[in-house]
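Take each chain as given, in its own frame, and dock them per the hints.
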Amino acid sequence: MLEMQGIAKFYGDKAVLENISCSFTAGSISLLIGGNGAGKSTLVRIMAGLSRPSAGTARFTGEAASSRSRRTGYLGHATFLYPGLTALENLRFWSDAGGMDLGEDDLLAVLGRVGLAPCARERAGVFSRGMAQRLNLARVLMPDPDMLLLDEPGTGLDAASRVFLHQEVLAARARGACVVLVSHDVAADAPLADRILLLDNRKLAFDGSPSDYDAAVRAEGEPCCA
Amino acid sequence: MLRLTLAVARKDLLLTLARGNGLVQALLLGFLLFFVFSLSQGIGEHTSPQGAATIFWLSSTFCHVLIFSQLYALEEVNNARLGLLLLPAPIQAVWLGKSIAGFSLLLMAQAVFLPVAIVFLGQNLSGALLPALLILLLVDTGLCALGSLLGALQGQGARESLMSIVLFPLLVPLLLAGISVGSQAFGTLSPDGPGMWLKLACAFDAVFLAAGLLLFGFLYAGDE
Chain U
1 MLEMQGIAKF YGDKAVLENI SCSFTAGSIS LLIGGNGAGK STLVRIMAGL
51 SRPSAGTARF TGEAASSRSR RTGYLGHATF LYPGLTALEN LRFWSDAGGM
101 DLGEDDLLAV LGRVGLAPCA RERAGVFSRG MAQRLNLARV LMPDPDMLLL
151 DEPGTGLDAA SRVFLHQEVL AARARGACVV LVSHDVAADA PLADRILLLD
201 NRKLAFDGSP SDYDAAVRAE GEPCCA
Chain G
1 MLRLTLAVAR KDLLLTLARG NGLVQALLLG FLLFFVFSLS QGIGEHTSPQ
51 GAATIFWLSS TFCHVLIFSQ LYALEEVNNA RLGLLLLPAP IQAVWLGKSI
101 AGFSLLLMAQ AVFLPVAIVF LGQNLSGALL PALLILLLVD TGLCALGSLL
151 GALQGQGARE SLMSIVLFPL LVPLLLAGIS VGSQAFGTLS PDGPGMWLKL
201 ACAFDAVFLA AGLLLFGFLY AGDE
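From first to last, the protein sequence lines stand for chains U and G. Numbered per our numbering, the first sequence spans residues 1 to 226. Numbered per our numbering, the second sequence spans residues 1 to 224.
If we strip away everything but chain G, and leave its shape as in the complex, we get (with noise of 0.2 Å):
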């Protein structure tokens, strides 16, 4: 299971990274919306930690589905998908292969959204910034668990169009700790502090591990 995992995950990458568009869709959108935001604000203003928060995790979903559905549609092309059917592995390899590589991409795209929300929305990283690197970890592991199952809908018509509908309230708990941790890191004081908002990052992130684990084999599957 894990050379399929691992196989799956390097495929991923090269042909995102090195092949193919990269991430220039998903960065575009995301700048897109940091632009659109920063335009709300009159000269002098800044959007406040929590605002710049929101954006910046609103930039991440969108950016995590485009991701995902570009990731399954690589398969899609010549129906590779047929072929990993057939591999003497469990198909939850593929899932989590999918996840490993979303994760990264996604990674990759935050790098880039965190200082353009520094510049954009006038932020700074006053506040705690260990539990805010840990819930960025914990949100993207929940987002691309739950990205990776909804992303095998890819390319079977009517399914498809459930994914966005089904995807953003599963993902409200994990969005809502983000943005609660995030604009404590841009200087929101917040009496309870992180550590609630972590524990139900990790209680959502094992829900979600388990859902794709337990779900995958059905939704991606041949021709019927």
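Here chain U stands alone, though its shape is the one from the complex (with noise of 0.2 Å):
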């Protein structure tokens, strides 16, 4: 679905990827883990298109990732919410500008699988970090996207949330979706992966499956950055 050739990325001379080539395919879930400064998040604007590659490229099955032609939500560390709208005028909007024909029913449910039913109608400047967290949530997953990329998505989220996060995760696999999920948590977030990759020191230094993962901290010990 995604191949990334030979990706680079430098900002002025510091170099924050080197040759990265990964494939990631539909109905799976990658885990991408590294430590602060590994160049997660940069990785993941590239797979959205939102930032460009120095060097390679990054290919959405024969399109570039770029290309506005498909669906992609994508969950970075800002929200995207206007904090003078309320948590309804929040999804609407982004409901009609992604062409999606919702209704206030239909937005009063998406609001509701993410516990912000009853916060409907106040401004999302008041939210908590949770709450608005799980307010972009809402957003990311209401037009069921074809590829999901998710950056540090718990932050902020209590437990309850956490769970709800892991079933969208698990249903959006379910539902043929590539969802790529940045986590600092491998412990709580491995376990939903069918894959893990390993930023370190700006290189892809892992990418193989979770036993494989295991298998290998166990052989030489926890990655220092993962």
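Everything labelled a hint here was simulated from the structure, so no lab data went into it. Worth double-checking, as some hints may not be accurate.
[Stated by the list, open to error] Stretch-level coverage of chain U by chain G, calculated; a stretch enters the list once three of its residues show a Cβ under 8 Å from a Cβ in chain G:
hint, segment
1, 24-36
2, 73-87
3, 94-102
Cβ coordinates follow ideal geometry from the N, Cα and C atoms, glycine included.
Here it is as structure tokens:
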């Protein structure tokens, strides 16, 4: 579904990613791990088409990652929410802007899925970090995207919301979506994954199944930066 | 594309008029200009029609810069710009949506500026009003097409400061048209009439609209 070949990224003289090649298939969950500054977020932004690689190509079944003809759900460090709009108005805007035909009942149902239905008419600006993240999740999941890129989605979420997040990630895979999940909580998120990719020192240091990763950890010790 | 355009325009108008500071800042700046220029008149004197039209368009231009800075700043709060870039629609829809919202807000501001010009600068609408209305719409279209294009530089550091440097020289022909036809509405007699200025405004509108459609995608980008 998504194929990356020889991806490198430089900010000025500083290399952030070097020679990353990997591919992602539909109906799979890939867990992307690595220490702070390893380049995980940069790689995910390249996958989303929000950042151009300095070298290499990221292609989405034949079309460039920056193409607008597909549906990508991207949850990054920023929430993309308008603080002056209510939760319902935020979802309505992203629904209308994305060309979805969702009525108020549909939008309230989406808010209900993330536990925000009682706050539907409250402004997003007064939400806590966790509530904003749940609303952000609702925005990302609303269009049933083909590609789901989640950059540390657990940030600010309570235990119940994390369970919901895991359920939604599994449901997306079952629907045939390609899910890439960036996380620092390997123990919690690895059981979901079909595959683990470890970024270390700007390069792809490991790419394999969770069982192979466990075996590598047992043989060589915990990767220092994961 | 139309859905994204309308969604952006509706959201911007809602946030600006119902949830934000609205046009307060832009209107205050306009009022200040009218007030300061009214002080330049002696007791019992009136500003010339051409002077009044110039002050009207000067206020409108500054107001439009503030409007578009405000409209594009809405996306910078939580980086919603990236969300717009991911939508499966041409990104020019954002430019068009912001242009429509800005056009509406500018017309609202001008609806306030016009009576202020009449009262503070001692004018009356004794000239041809239809050409004046036409030129108002044409000049506003050009202002908003260009304002929305350059507003995309909002939040991009040094490039943002280019906005005013690039914007004002490009707007000169449109402002000349607005001032000339506006002064005729305030009573100046012109042997040439408004025809030439209307054609000039149409030509510049076409150029600015085409430039917006062609260039917006390059200016409104991700993190580079």
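Hints and how they fare:
no.	hint	result
1	24-36	violated (count 0)
2	73-87	holds (count 10)
3	94-102	holds (count 5)
In summary, the structure is inconsistent with hint 1 from the numbered list given earlier, while agreeing with all the others.
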